[in-house]
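*Asks:* Residue numbers (my numbering), protein chains in the order written: chain A, 1 to 114; chain B, 1 to 114.
No lab work stands behind these hints: they were computed from the structure. Here the structure is a predicted model, which means the values were calculated and not measured. Note that CB positions come from ideal geometry on N, CA and C, so glycine has one too. A couple of the hints might just be wrong.
[Claimed, not checked] Facing chain A, according to a computed beta carbon distance under 10 Å, are these residues of chain B, among others:
1) T26
2) T28
3) Y30
4) S32
5) F34
6) Q38
7) L44
8) K49
9) E100
10) G105
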Amino acid sequence: GAGVSQSPSNKVTEKGKDVELRCDPISGHTALYWYRQRLGQGLEFLIYFQGNSAPDKSGLPSDRFSAERTGESVSTLTIQRTQQEDSAVYLCASSGPGRGETQYFGPGTRLLVL
Amino acid sequence: GDSVTQMEGPVTLSEEAFLTINCTYTATGYPSLFWYVQYPGEGLQLLLKATKADDKGSNKGFEATYRKETTSFHLEKGSVQVSDSAVYFCALSDLAGGSEKLVFGKGTKLTVNP
Numbered sequence: 001g002a003g004v005s006q007s008p009s010n011k012v013t014e015k016g017k018d019v020e021l022r023c024d025p026i027s028g029h030t031a032l033y034w035y036r037q038r039l040g041q042g043l044e045f046l047i048y049f050q051g052n053s054a055p056d057k058s059g060l061p062s063d064r065f066s067a068e069r070t071g072e073s074v075s076t077l078t079i080q081r082t083q084q085e086d087s088a089v090y091l092c093a094s095s096g097p098g099r100g101e102t103q104y105f106g107p108g109t110r111l112l113v114l
Numbered sequence: 001g002d003s004v005t006q007m008e009g010p011v012t013l014s015e016e017a018f019l020t021i022n023c024t025y026t027a028t029g030y031p032s033l034f035w036y037v038q039y040p041g042e043g044l045q046l047l048l049k050a051t052k053a054d055d056k057g058s059n060k061g062f063e064a065t066y067r068k069e070t071t072s073f074h075l076e077k078g079s080v081q082v083s084d085s086a087v088y089f090c091a092l093s094d095l096a097g098g099s100e101k102l103v104f105g106k107g108t109k110l111t112v113n114p
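Just chain A, with the same shape it has in the complex (with noise of 0.2 Å):
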């Protein structure tokens, strides 16, 4: 079946606009997650979501990421006012149903800020 897709591949911008970037989950699964790999860094935690409860952001590094996910569908992470250490590939994953599933990733976005 299909995986974790992500949308765009890569995103080349400037210094202080605005970015968003897409998760299509894998059909089912209840929770998605969104990390950050900087260059030589581990993978960082950013957001989870599972089902309807309120989501875990306590890994957004500032107000200037926010995410957001349509039921269990598609998940949308916006950076405002990008900087260039934002530079980094963003990886979303999925898992599901239930808890404690395996984490599923995505291909990630390579976002190179200008």
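Following the hints, complete the assembly by docking chain B onto the known chain A.
*Replies:* Okay, now just chain B, sitting in the frame of chain A:
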């Protein structure tokens, strides 16, 4: 908070050599432990996992044992192949905290030469 420390790379081995990549963790609860692998040009995928103390996860000839007394989850393979060249990430998930986010180590790049 929870954290994962894994062996810094890069690691370079000859084919058929023995591999160990060390991983230790700090967690307030009783986490599940994972090894994820990222092959060149591919997305992150689960290699193996263990959900409780003394469990051994195994897949593709790789093994790791959940050692609660030493808070470790070292990855081993008896005879590596060129196709094992990839970046390996150790991670934990502590469901007791409510969120199912993964906490990752920084990754270890493995290169296997013929």
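*Asks:* For each hint, tell me whether it holds in the structure or not.
*Replies:* Here is how each hint holds up against the structure:
1. T26: Check failed: Cβ of B:T26 comes no nearer than 14 Å to chain A, outside 10 Å.
2. T28: violated, 14 Å
3. Y30: violated, 12 Å
4. S32: Because about 7 Å separates B:S32 from the closest Cβ in chain A, which is inside the 10 Å limit, the hint holds.
5. F34: holds, 8 Å
6. Q38: OK, holds: B:Q38 within 10 Å of chain A, min 9 Å.
7. L44: It holds, given that the least Cβ distance between B:L44 and chain A is near 4 Å, below 10 Å.
8. K49: holds, 7 Å
9. E100: The hint holds - B:E100 has a Cβ within 10 Å of chain A, the shortest such distance being about 6 Å.
10. G105: This interface hint holds because 5 Å falls under the 10 Å limit.
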